[in-house]
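Quick note, the sequences are listed as chains Z and V, same order. Following my numbering, the numbering of the first sequence begins with 25 at its first residue and continues without gaps. Following my numbering, the numbering of the second sequence begins with 25 at its first residue and continues without gaps.
Calculated directly from the structure, the hints in this document are not laboratory data. There may be inaccurate statements among the hints.
If several chains are the same, the list does not tell them apart, and a pair holds so long as it fits within one copy or across any two.
[What the hints assert, rightly or not] Derived SDA-like pairs: lysine to any residue, alpha-carbon spacing no greater than 20 angstroms straight-line:
1. K316 x R285
2. K159 x E307
3. K552 x Q479
4. K432 x E307
5. K432 x G308
6. K136 x T438
Protein chains: 2
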Amino acid sequence: MMRQRVLSSLSGSSRRTAATPLIRTLRTSTSTSPLSRPTPTRSPLLANLATLKKQQCRTMSEKTAATPEPPLRERSKFVRGCLKVFTFTGFASLTLTGAVIAFFLYDASTYKESIDEHDIGVPEIALNPRRGGPKNLPIAEVLVDCYDEVDDYDGEKTQGRKPKPRLVILGCGWGSVALLKGINPENYHITVISPSNYFLYTPLLPSATVGTLEVRSLIEPIRRITSDVKGHFMKANAEDVCFSEKLVEVSQIMPDGEERRFYVPYDKLVIGVGSTTRTHGVEGLKYVNYLKSINDARLIRSRVIENFEQACLPTTTDEERRRLLSFVVCGGGPTGVEFAAELFDMLNEDLAQKYPRILRNEVSVHIVQSRSHILNTYDEALSRYAEEKFARNQIDVLTDARVSRIEKDKVIFTQTDPSTHTTVTKELPYGLCLWSTGVAQTEFAQRIADQIEVQKNSHALETDPHLRLLGTPLGDVYCIGDCSTVQNNITAHITEFVRHIAWENGIKDERNINLTFSQWRSVVPRIKRRFPQTCDHLRRLDRLFEEYDQDQSGTLDFEELKKLLEQIDAKLTSLPATAQRAHQQGQYLAKKFNLLAIAAPGLELNQVQDGDLDEAVYKAFEYKHLGSLAYIGNAAVFDWGNGISAGGGIIFLYLWRSVYFAQSVSMRTRMLMAMDWTKRALFGRDLMNF
Amino acid sequence: MMRQRVLSSLSGSSRRTAATPLIRTLRTSTSTSPLSRPTPTRSPLLANLATLKKQQCRTMSEKTAATPEPPLRERSKFVRGCLKVFTFTGFASLTLTGAVIAFFLYDASTYKESIDEHDIGVPEIALNPRRGGPKNLPIAEVLVDCYDEVDDYDGEKTQGRKPKPRLVILGCGWGSVALLKGINPENYHITVISPSNYFLYTPLLPSATVGTLEVRSLIEPIRRITSDVKGHFMKANAEDVCFSEKLVEVSQIMPDGEERRFYVPYDKLVIGVGSTTRTHGVEGLKYVNYLKSINDARLIRSRVIENFEQACLPTTTDEERRRLLSFVVCGGGPTGVEFAAELFDMLNEDLAQKYPRILRNEVSVHIVQSRSHILNTYDEALSRYAEEKFARNQIDVLTDARVSRIEKDKVIFTQTDPSTHTTVTKELPYGLCLWSTGVAQTEFAQRIADQIEVQKNSHALETDPHLRLLGTPLGDVYCIGDCSTVQNNITAHITEFVRHIAWENGIKDERNINLTFSQWRSVVPRIKRRFPQTCDHLRRLDRLFEEYDQDQSGTLDFEELKKLLEQIDAKLTSLPATAQRAHQQGQYLAKKFNLLAIAAPGLELNQVQDGDLDEAVYKAFEYKHLGSLAYIGNAAVFDWGNGISAGGGIIFLYLWRSVYFAQSVSMRTRMLMAMDWTKRALFGRDLMNF
């Protein structure tokens, strides 16, 4: 309508030509843009019909939409579910394949085909060291791999840089490794000296004796750890220390058997040489096995399998078989208990399947413990739990039993009945005897102690609360780990302490002091702060007060107070010889050394060279007992101290493993441990000896 | 319209009531079912308007559909993509977690908490064996784990069951293990006797010397393999065999050092005791290392690391350092070459990173080979490829060099110039010397050979083509592996063979034979069939013909033909002393023994007890050389025989590994190998010694 009118006006005045076409344009359509598509016009009738049609169509489609066709939709849902699973599986497979391929590509990059060749400059002084010291031996001032530090040590070419202080660490156990991991490599020139070139994860040694873990999973190459701190490592034995000239005397056996000795100079020396096993003067220890090192674990494993094999032979008599399969553990501490537990597991899980069944019935495991309970340093409830478990597992626990001597094929021991106090001497044939009764000082530590007059402790080297070796120049020599203990010596400070308390209470002469119970109670926290190790012994204050108030005066006078403190001093054990303590001491030293290095320029500027630098920079060492754990055979016990403890079965086994897994020293060790546990689950333990 | 008409008729005649409502129902709608929804009626005008509106809406929606709104849609596609990735990752994580949990549940089931205790009956005769045999020793007729077989051997209680023949296998190497894996346990009572209780995957020993693989990944406990065939294992040494009484004399050292001996009776005996290293009468071999066993690999590894450590010390002179880092391999066969290659890899990939760089420049690896090429048993092209690679890697290959003697710190050898034939004597200092020049017979095998008159070969025990030990009762004793060789002895058959050929060609007297070249060519396949080992030597038939036609007559007469065959016989080497051959022999025996067991009742029924049962049941043994491979340092060479060979870099390294991976003896070994290779890729090799 509208369009026609427009057309008319466009055509101008009504010019009529001769043949006005009869055909009228109804619709014009173009194919370019939808915009130009004209709105179709229709007659009302047609429009109605179209509308009706559309309405019908719409209704029909609505009907179709509204009425479900049940069978078709259910099937498609199931099919869709399947398709989803397949798609997912496909994706997962592709991803896994992709990951494997990516790993192979990475692996391929780790191979070096061509040699890595280039000239290097080695300091001349490293190749031909000068001699000196008390014994006129070569002094290893510069090592063969001190490439960047040449100028540090060659006096003529220092170029104004102050050389880094030399930190020498003896030993590569828990203490040393914790120190290495915490120290800032920028501050020190670090050298580690040890006869073994790996760090050993000692708490898991019992697992390695039966094959639950492989020995290689417990050790980490020390060079991996030292390289992280740009340190140096020397595989040699420490023989002696010259404190005045700050030289460590070191020896090494050359291939031809000749022993070479030389000096290593230090500015700070850390002694972390560990301990050996205590013998208690028992004879016959040449027949026993120990469990302190990798080789010990290997020997035990080999011996156990050998005993099994020999027990199977037709020529072995019954008596011999029982002896071969009798495993005796001397010492009911964590090491002995864990070994007995691991042995039991292996006997129960692997022996029975792989070896003739007769062996299982003839096997016996015995623990000879001198105290009245195994795990006696643990919570009493845990002790009892472990004992009950062992009883169920027919592990024979002999308490109040002391070993007299060891013979080639039997253990002679005396057992005391605690009620009647009668002592009986017994003998126990063994196929393998493990001696795990405690630690003793190494020869090197003894030699050091002999040099220093104030060192009177025969068990360990004594240090002050800052871990400095007593009797050596302040700040030069530190001791950590099993070889050391912090000197308590409260007695020496008691008089001074009591004097302080007296003065605070307005008493001029401390000998006139008379503490009431409430005063006593307020004094105790201060004692605990000053001497952290006393915490455990200052719990039942009322009992203590009563016990030492001998004249029943209701107060503690000077003598009574002094006696109380002396008694506590005597009761204080040295710090426990555990990995945990060594680890904490190593971490402590690392922190302190870092702080010392930061403070050094300032202190030097102020010419503070003598005096207690350690005290100025950091607090005293405080051991925090985080708890103990022990494995008792597909079960474990946890003692967090302060009466909190727990024990149980498989779940605790996993917890126990998790703790050690988390505490591992590197990803490599974690991976190896995980694979060993997996291998055990899938294939059992390896029962081979070579 | 239509609906209105319907309504009118439904309402019947036009009954008009008093108040006809003015309001007309336009539309009625219910909310129950769509079916009941009445079609709305509208007036035409309204209908048109509605239509127009719809049309407009539709047009508008079409427009909207036609004109994209770019930003909005793209975002949603990206978001959808992200969601898909998240969903997948979520699924993958859940699956992985599920798998891990499932594994832990499985792992938890592998722990036995309570003891596995029950009475077992052990045959009395196992505990107290009767004595007998030439030396009146105990005879282990029944072993302590023969629970189900008691009745088999106690004459009074056989209950009609025929006892299974006793199969005794000496050694647990490639041959024995292949036999164990193939044999049907229902047919034989199997006992394996060996001084080591594991199977060793010897081809990978060089990898274990440097830590690419751990020694434990190369060994499989033999008890796992014997238990699959319900077999028994005894860890003891075989000392001698009494063939007449069918007894093996066996010894074992008890823990107290005492040696016990006893007999093990057999019906079939398989000797697979392997070999030792050949010394070639060179003096000074107490200083060298070998590579035949696990302990050898361990010693080498330990020594290499020890040398590195000592080379780092400040007191080591330059000359000493170079000597310590000089590694000499005597023998250019696969073992020596692979060891040199593995050593090179370790030096290049791990030494350089972990140890002072000075060591890398001072290290040298040497191979002393008596022939003119290393890998001389391989294809010449491969030999050359390996030599070129070693040259690039600066591995010093000394060919035409023969070791005269070994001193504590150097090797004295003579080297011949092939062109001038001058011989020079040289010395080469070493820090480690590997002796890998070939195999020799064990003491036990020598003792056996001494007993039997026909055994004249000093290198190995000779068997017939059915692997039966010559000189022993037919069908009693078999020999496989390194300790044995199949007797060629073509010469003995030559006259007979030539006679056959003569008869076929119509010649009555074989001495008148005159073979033309074409006749010769037709005869050769028959020779090859009869004596499969001759195949390699009967290739260039024209050359052979020419060479032996000495009178240039154009034909081979009797003497010439005989000489030709004798020469070939002389050239024939014994079967190669390889794992492949031992493996094939073990498989062959397994098949044959199974067939013999099946045929036994029939043969017995027909009273066929003498005669060649083996021949009746199965074919002769034929060694198929499937190819050789060698690892040459992040590269490998493959020789498939018949001139087909290939070598290359990393890809071939993976191929090489795949072959050994596939050929591993169990899933456990495969898993361990895979983990070792992964560990090497992630963390490098372990450089620790203990």
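Do the hints match the structure? See the list:
no.: 1; hint: K316 x R285; verdict: neither (27 angstroms within a copy, 37 angstroms between copies)
no.: 2; hint: K159 x E307; verdict: neither (38 angstroms within a copy, 42 angstroms between copies)
no.: 3; hint: K552 x Q479; verdict: neither (25 angstroms within a copy, 87 angstroms between copies)
no.: 4; hint: K432 x E307; verdict: within (11 angstroms within a copy, 40 angstroms between copies)
no.: 5; hint: K432 x G308; verdict: within (8 angstroms within a copy, 38 angstroms between copies)
no.: 6; hint: K136 x T438; verdict: neither (64 angstroms within a copy, 34 angstroms between copies)
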